[in-house]
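Peer 1: Given next are the chains, with one letter for each unit.
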Amino acid sequence: MLYEIKDMTRDYDGRRVLDISLSLEEGRVTGILGPNGSGKTTLLEILAFLSRPTSGELLYKDTRVDFDGGDLIGLRKAAVLMQQKPILFTTTVFNNVEFPLKIRNLKMAERERLVNRFLTMVGMEGFSRAKAHKLSGGETQRVAIAQALACLPEVILMDEPTASVDVENSIIIERIIRDINRQNGISVIFTTHDRIQASRLADNIVFIHEGKVSKSINENIFAGALETDLKGKKFCLIRENLKIPVKTEKTGQVRISINPSAVRVFRGTKNIEEMRGIKGRVIQLSDERGFIRAIIDIGVPLTVIMPPDSTGDVIPGIGEDAWVAFSPEMIEVI
Amino acid sequence: MLYEIKDMTRDYDGRRVLDISLSLEEGRVTGILGPNGSGKTTLLEILAFLSRPTSGELLYKDTRVDFDGGDLIGLRKAAVLMQQKPILFTTTVFNNVEFPLKIRNLKMAERERLVNRFLTMVGMEGFSRAKAHKLSGGETQRVAIAQALACLPEVILMDEPTASVDVENSIIIERIIRDINRQNGISVIFTTHDRIQASRLADNIVFIHEGKVSKSINENIFAGALETDLKGKKFCLIRENLKIPVKTEKTGQVRISINPSAVRVFRGTKNIEEMRGIKGRVIQLSDERGFIRAIIDIGVPLTVIMPPDSTGDVIPGIGEDAWVAFSPEMIEVI
Amino acid sequence: GGEKAIIRMSTTTSTENSGLLDALLPEFTKDTGIQVKVFAKGTGAAIRDGMDGNVDIIFVHDRAREDKFIEEGYGAYRLAVMHNDFVVVGPKNDPAGIKGANVAEAFKRIANSNALFISRGDDSGTHSKEKEIWGIAGITLAKKNIDADYGGKTPDIGYEYPAVLAERYVSIGQGMGKALTFAEEKQAYTLADRGTYLEYKYGRAQGLDLEILCEGDDNLGNPYGIIPVNPEKYPDIRFEDADRLAKWLVSEKGQKLIADYKIHGRQAFFPDAKK
Amino acid sequence: MDFLFDSLKSAVLLLWSLDRDLLIIVSLSLKVSFFSTLIAGIAGIPLGLAIELNDFRGKRLVITVLNTLLSLPTVVIGLFVYSFISRRGLLGAMGLLYTPKAIIIGQIILILPIITTLTITALSRLDSRYRKTAMTLGANSLQTALVIVREARFGIVAAIIMAFGRVIAEVGISMMLGGNAKGFTRTMTTAMALEFDKGEFTMSVALGILLLLISFSLNIVFNYFQGKTGD
Amino acid sequence: MDFLFDSLKSAVLLLWSLDRDLLIIVSLSLKVSFFSTLIAGIAGIPLGLAIELNDFRGKRLVITVLNTLLSLPTVVIGLFVYSFISRRGLLGAMGLLYTPKAIIIGQIILILPIITTLTITALSRLDSRYRKTAMTLGANSLQTALVIVREARFGIVAAIIMAFGRVIAEVGISMMLGGNAKGFTRTMTTAMALEFDKGEFTMSVALGILLLLISFSLNIVFNYFQGKTGD
Ligand SMILES: Nc1ncnc2c1ncn2[C@@H]1O[C@H](COP(=O)(O)OP(=O)(O)OP(=O)(O)O)[C@@H](O)[C@H]1O
Ligand SMILES: Nc1ncnc2c1ncn2[C@@H]1O[C@H](COP(=O)(O)OP(=O)(O)OP(=O)(O)O)[C@@H](O)[C@H]1O
Ligand SMILES: [Mg+2]
Ligand SMILES: [Mg+2]
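Residue numbers (this note's numbering), protein chains in the order written: chain A, 41 to 374; chain B, 41 to 374; chain C, 413 to 687; chain D, 81 to 311; chain E, 81 to 311.
In short, the hints are calculated from the structure, not lab data.
Mixed in with the good hints, there may be bad ones.
With a cut-off of at most 25 Å between alpha-carbon atoms, the simulated BS3-like pairs for lysine-lysine come out as follows [stated by the list, open to error]:
(1) E/Lys212 x A/Lys101
(2) D/Lys212 x B/Lys171
(3) C/Lys416 x D/Lys262
(4) E/Lys139 x A/Lys125
(5) E/Lys212 x A/Lys174
(6) A/Lys174 x D/Lys212
(7) A/Lys273 x A/Lys283
(8) D/Lys262 x A/Lys174
(9) B/Lys174 x D/Lys111
(10) A/Lys252 x B/Lys171
(11) B/Lys174 x A/Lys252
(12) D/Lys111 x C/Lys416
(13) A/Lys171 x D/Lys139
(14) E/Lys212 x B/Lys171
(15) E/Lys111 x C/Lys555
(16) E/Lys139 x B/Lys174
(17) A/Lys125 x B/Lys174
(18) B/Lys46 x B/Lys174
(19) C/Lys442 x D/Lys262
(20) C/Lys416 x D/Lys181
(21) D/Lys212 x B/Lys101
(22) A/Lys171 x E/Lys212
(23) C/Lys665 x D/Lys262
(24) B/Lys174 x E/Lys212
(25) A/Lys255 x A/Lys287
(26) C/Lys659 x D/Lys262
(27) A/Lys125 x B/Lys171
(28) C/Lys674 x D/Lys181
(29) A/Lys171 x D/Lys181
(30) D/Lys111 x B/Lys142
(31) B/Lys171 x E/Lys139
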């Protein structure tokens with residue numbers, strides 16, 4: 041095991057933001073998904089041995105990490121974190137990428153060769169002599185990736201590596217992640233808000249929610265008001281004319297969560313009235329490990345995950361109308 | 041006209057990073073798309089009257105902006121910029137959002153009401169008393185949006201507003217953008233790297249490339265080596281077994297750009313050999329103002345834009361195999 | 413209106429440091445209701461205060477410069493108030509063997525020995541006296557002038573030193589106390605006023621490690637004069653009150669207080685006013 | 081070492097005695113230092129802001145001159161002020177020489193460069209986004225300046241502490257312009273210098289220790305408030 | 081005002097004369113200030129780093145004490161050092177009193193708190209990501225410290241300039257521990273004090289102007305190098 045995390049917690053000002061047990065295998069690409077504030081950055085900083093857990097244990101390659109007296113510098117040489125909002129030293133781009141190589145006592149010629157190689161990998165070779173702290177958002181991000189690569193690490197931790205990177209370079213960075221994993225055997229752990237990116241890139245995906253590992257993240261969370269219709273049925277009013285049936289004792293303003301795998305989608309219109317179906321329009325379809333993820337605009341974008349065997353006959357095409365149906369049981373009121 | 045930009049340039053250290061003429065209408069949502077370093081942030085800072093152009097003119101509501109002696113403070117009260125990497129003042133979240141209201145001399149009770157309203161809009165109402173500078177990346181971004189809304193501006197400029205925001209909140213932010221535009225008539229100008237987001241949200245999209253407005257941004261840019269096959273035909277080798285035919289006098293390492301609207305896609309396999317078709321797999325389909333945007337994995341992700349009348353018969357379904365064909369004429373060698 | 417009668421006096425540090433003023437001035441205030449603000453500093457700076465009209469009266473000990481001060485019209489008049497005397501102090505073992513000699517002879521012996529001599533070097537009354545004695549002892553003073561001539565005036569900022577001593581002559585440009593500590597540290601000879609010497613020798617837990625080796629010579633007198641600033645130069649000077657202070661000091665009461673003032677059981681100042 | 085111990089003992093005794101003369105000296109020291117720091121702060125912080133936040137020709141020269149003024153000797157300041165306020169000077173009629181006000185004037189000149197340069201330093205490394213944010217939210221120049229000062233408060237408070245420490249421990253100017261007149265312009269430091277001149281080393285250091293104790297108490301209060309404004 | 085003009089003229093004449101005595105004084109001043117700043121910097125910068133970068137009990141107390149030491153009067157320092165190095169003191173045998181070394185020792189004590197607290201201030205508002213980045217890239221404590229110092233260089237250089245200005249303009253310690261012996265331990269400031277005591281105000285200020293000119297030249301050189309290291 042690369043990392044074993046045992047009942048590890050982290051508190052900030054008395055608030056528990058992380059409370060997690062998890063094992064991560066060596067040589068794999070792991071994607072971490074979770075909403076804002078769920079503790080992704082906090083976790084990555086601990087995994088990079090930069091900050092200490094409040095309680096619990098962390099094992100790296102089967103050895104317990106001693107955050108007090110251990111060889112943290114040695115460990116940090118093995119793992120490198122590319123921060124969520126990376127900052128570069130106020131020197132040139134070249135010097136920034138050279139820094140980890142210098143620390144590792146590489147010869148000048150070798151350093152130069154590697155710096156150029158890594159800068160070329162992220163498409164920043166033309167900026168070698170530029171002042172690093174004056175780069176644009178995405179340029180900074182890419183130089184930070186080159187810098188992390190220059191650590192020649194065992195594990196590379198990346199906190200939203202493509203957050204402000206353009207499309208072309210996102211593709212390149214994704215390829216870099218795959219290549220360093222396949223070719224150099226470097227373990228990669230990255231966070232993202234892009235589910236599709238995660239499923240495209242990662243061997244396994246960890247969802248975290250409020251500091252804990254969760255089975256999956258409910259994507260369809262909507263805020264609305266609970267009301268009761270003339271027939272006495274409860275529903276949640278999300279927007280004008282958008283009523284979702286719910287079963288709850290609560291009243292007033294709530295948030296509801298709809299399991300994307302439980303929604304039924306129809307191309308036709310039969311029986312819709314009885315099923316309380318809602319009409320929408322398919323705006324995106326994508327492939328998620330064989331399953332099909334659809335985004336259907338029903339006034340709000342609703343994510344639906346359908347099994348792979350659904351073919352064109354059942355699944356509506358892009359831009360087409362579709363009907364979705366929920367039963368109150370599958371809707372959670374938060 | 042909201043903004044008229046006439047031959048406006050901006051240099052950094054003698055390098056011209058912006059050189060643009062452009063008109064933006066009032067009351068609309070404008071999306072700005074462009075690769076890293078193309079000058080988006082630079083442009084937004086000028087439109088927010090925070091930095092001055094090196095040369096050229098800027099008109100705001102038909103009045104020339106005088107960056108030297110003009111009423112910049114009055115103008116800045118009309119336009120607010122949410123920065124690409126927003127920073128919050130080291131006080132509480134509440135005080136951060138209250139700041140623009142305080143400056144505008146609103147009464148205490150009114151301020152409190154508005155702060156709570158804007159914080160609720162971005163889903164940060166629970167963080168009112170938290171220290172703003174300790175928030176996570178996405179939380180910071182969302183508070184910054186609330187802060188910008190609290191300026192009650194005429195124009196709101198947002199530099200990658202959803203860059204590190206989670207899925208649920210991205211949807212909320214997109215809705216906020218639409219609502220403030222529709223309901224309050226606020227003009228919105230935002231940048232993004234997400235084409236789909238731009239087309240979903242914006243009334244018009246401006247592409248910029250190397251500081252200039254361009255007709256569109258070529259999405260399919262790939263690096264490769266030019267080689268010649270046995271028949272004497274030139275092609276570009278992008279990955280192992282991925283050869284794209286090109287017509288050029290150049291040799292060696294190049295980058296090629298493929299116009300997404302010019303690629304032909306086939307469901308079947310007929311005549312593919314003659315057409316030098318390449319096999320791929322459809323991994324994403326989305327709706328772009330009636331057109332269909334597909335991402336086809338041919339070893340690299342290739343974006344294709346197809347006309348709306350192509351129905352399921354012509355367009356392959358998600359997860360299905362597809363064949364793409366290029367002619368050398370439509371491939372540009374950069 | 414109801415302005416309090418306060419006068420300002422510049423004086424040398426020796427009068428204040430000896431504590432004499434603390435014994436005299438409260439009595440004066442009791443008698444006359446006039447308060448005295450005292451500014452203690454080097455003789456040069458004290459006289460300068462008088463010349464600039466910053467004070468109403470000066471109380472110093474440098475006869476030559478006092479006379480010049482009057483001559484140039486800055487002072488109204490001078491009254492002789494008191495004197496104490498200078499002593500030559502040095503290490504107990506007296507390497508130059510000056511004990512018992514008169515002061516001129518003592519300086520000659522110092523010049524011809526290997527001993528160090530510490531000079532105040534600050535143009536103070538003591539420094540003037542020291543230069544005078546070198547003269548009496550027949551030892552030539554070399555003079556070195558810094559060439560800073562401006563507006564036709566050549567300031568007297570030269571530096572005089574007994575040529576034979578050369579490196580053994582340490583000019584420190586500081587007050588008496590500092591000169592004594594310096595001499596102690598280097599186990600050197602120096603010329604000191606008796607008051608300060610007594611204070612340093614007997615006023616402290618660890619008395620000064622220097623002995624008086626030469627005293628009582630006629631050439632070692634150290635007269636103090638009091639000079640009210642001339643009201644014709646500075647009309648807003650509080651001349652009347654200053655005048656009263658000067659007169660009070662030479663009065664019977666003032667003179668008796670001076671005679672009775674003791675430092676560590678020893679008389680330090682001797683009244684000078686002639687009846 | 082006995083000497084240091086004796087001094088400490090004397091300091092305690094001094095403090096214990098609550099001697100009226102001593103109280104006058106201490107309160108004068110505090111008053112003078114307080115006002116000179118206050119006035120220099122009121123002038124120096126905005127000056128530092130103005131220099132740092134504006135781009136103008138000769139800016140680097142101005143900063144270099146300010147840095148040079150950090151080595152302005154007290155004697156020069158003393159004589160400079162003296163030449164204005166002595167009876168013969170331009171402002172001689174005001175009778176400022178040898179009053180606490182004269183000390184304050186001199187000390188302001190002494191610490192103005194300190195506060196100004198340290199303010200510039202505190203601002204210069206401050207994230208430029210703070211300023212941009214304040215500006216885009218509609219703040220005028222004054223409001224922007226206040227935001228920036230608040231964000232740079234740590235450095236600016238350090239400037240104030242440094243300046244206060246400088247003046248409360250300062251002796252040259254107090255001596256030259258105040259004159260060390262007992263009951264009027266005698267401060268802790270001039271009293272120390274006097275005791276030293278008299279050879280009363282123990283008393284001199286005792287006063288020094290007292291000064292440090294007072295300064296320590298002030299710093300504790302300060303630290304408490306700084307802690308409250310958050311980190 | 082004549083007086084200031086005269087002083088300026090004398091300063092020029094002094095400079096012009098290239099008087100040997102004057103050169104000795106100037107070079108001693110520079111030497112002493114250089115070494116005390118150098119040594120205090122070598123000690124104070126790492127000390128400030130150690131305090132700021134580590135979390136330990138009593139950290140705030142340490143900072144408060146350092147702030148208090150900013151108001152350490154020169155008389156106290158002088159007497160403190162004196163009590164160790166005078167003939168009767170523990171280190172009396174070394175014969176340090178009234179040598180330039182004694183001045184350096186005293187001045188180091190004077191500016192060590194300045195350099196340390198200003199280093200702490202410079203680091204305290206530094207973006208914590210610099211440290212995290214250096215650490216994650218594998219830098220050891222020393223390498224991390226160097227990175228941090230480089231990023232905080234503006235503030236640290238300001239500390240050095242402040243400290244240098246303090247010592248070159250300092251008179252109390254130089255006087256007490258150096259003794260102002262002509263040709264041996266007379267510095268520019270003690271010479272100024274002497275001229276002042278003699279009532280030779282013009283010469284005193286002339287020396288002060290000379291000191292400022294020297295300081296100005298040094299600052300220009302400094303500014304040039306700081307400019308070269310980029311903004
Ligand atoms: N230094 C800190 N002090 C106090 N609270 C903190 C601190 N750092 C983070 N937090 C809080 O801890 C929670 C988890 O933060 P973290 O940065 O790990 O979230 P995240 O999952 O990375 O979120 P995002 O997607 O927005 O980057 C957040 O609610 C944040 O406000
Ligand atoms: N202060 C500066 N000094 C020098 N060069 C700068 C400065 N700011 C930006 N640049 C350069 O100008 C170019 C445009 O920068 P800008 O920030 O506008 O890009 P952008 O389009 O916002 O990119 P991104 O998508 O990465 O945020 C970049 O190449 C950047 O390196
Ligand atoms: Mg994060
Ligand atoms: Mg940008």
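Peer 1: Run the distance test for E/Lys212 versus A/Lys101: straight-line Cα separation, threshold 25 Å.
Peer 2: Within the cut-off at roughly 23 Å; holds.
Peer 1: Taking only the CA atoms, is the gap from B/Lys174 to D/Lys111 under or equal to 25 Å?
Peer 2: violated, 40 Å
Peer 1: Under the criterion that the straight-line Cα-Cα distance not exceed 25 Å, is the pair E/Lys139, B/Lys174 satisfied?
Peer 2: Holds - the C-alpha atoms of B/Lys174 and E/Lys139 are around 22 Å apart, at most 25 Å.
Peer 1: Can you confirm whether the C-alpha distance between E/Lys212 and B/Lys171 stays at or below 25 Å?
Peer 2: holds, 21 Å
Peer 1: Run the distance test for A/Lys273 versus A/Lys283: straight-line Cα separation, threshold 25 Å.
Peer 2: holds, 11 Å
Peer 1: Could you grab the alpha-carbon distance between B/Lys171 and E/Lys139 and see if it respects the 25 Å cut-off?
Peer 2: Within the cut-off at roughly 23 Å; holds.
Peer 1: CA of E/Lys111 to CA of C/Lys555, is that 25 Å or under?
Peer 2: At roughly 28 Å apart (the allowed maximum being 25 Å), C/Lys555 and E/Lys111 break the hint.
Peer 1: Within 25 Å, alpha carbon to alpha carbon, are A/Lys171 and E/Lys212?
Peer 2: With Cα atoms ~20 Å apart, A/Lys171 and E/Lys212 stay inside 25 Å; holds.
Peer 1: Can you confirm whether the C-alpha distance between A/Lys171 and D/Lys181 stays at or below 25 Å?
Peer 2: It is violated: about 51 Å lies between the C-alpha atoms, which goes past 25 Å.
Peer 1: Could you grab the alpha-carbon distance between B/Lys174 and E/Lys212 and see if it respects the 25 Å cut-off?
Peer 2: The hint holds at about 16 Å.
Peer 1: Has the given pair, C/Lys416 with D/Lys181, been kept, meaning a C-alpha gap of at most 25 Å?
Peer 2: Cα-Cα ~19 Å, so holds.
Peer 1: Would you check the hint for C/Lys665 and D/Lys262, treating anything up to 25 Å between C-alpha atoms as holding?
Peer 2: Satisfied, since the Cα-Cα distance of roughly 24 Å is no more than 25 Å.
When the structure is compared with the earlier hints, violations turn up for hints 4, 8, 9, 15, 18, 28, 29 and 30 and for no others.
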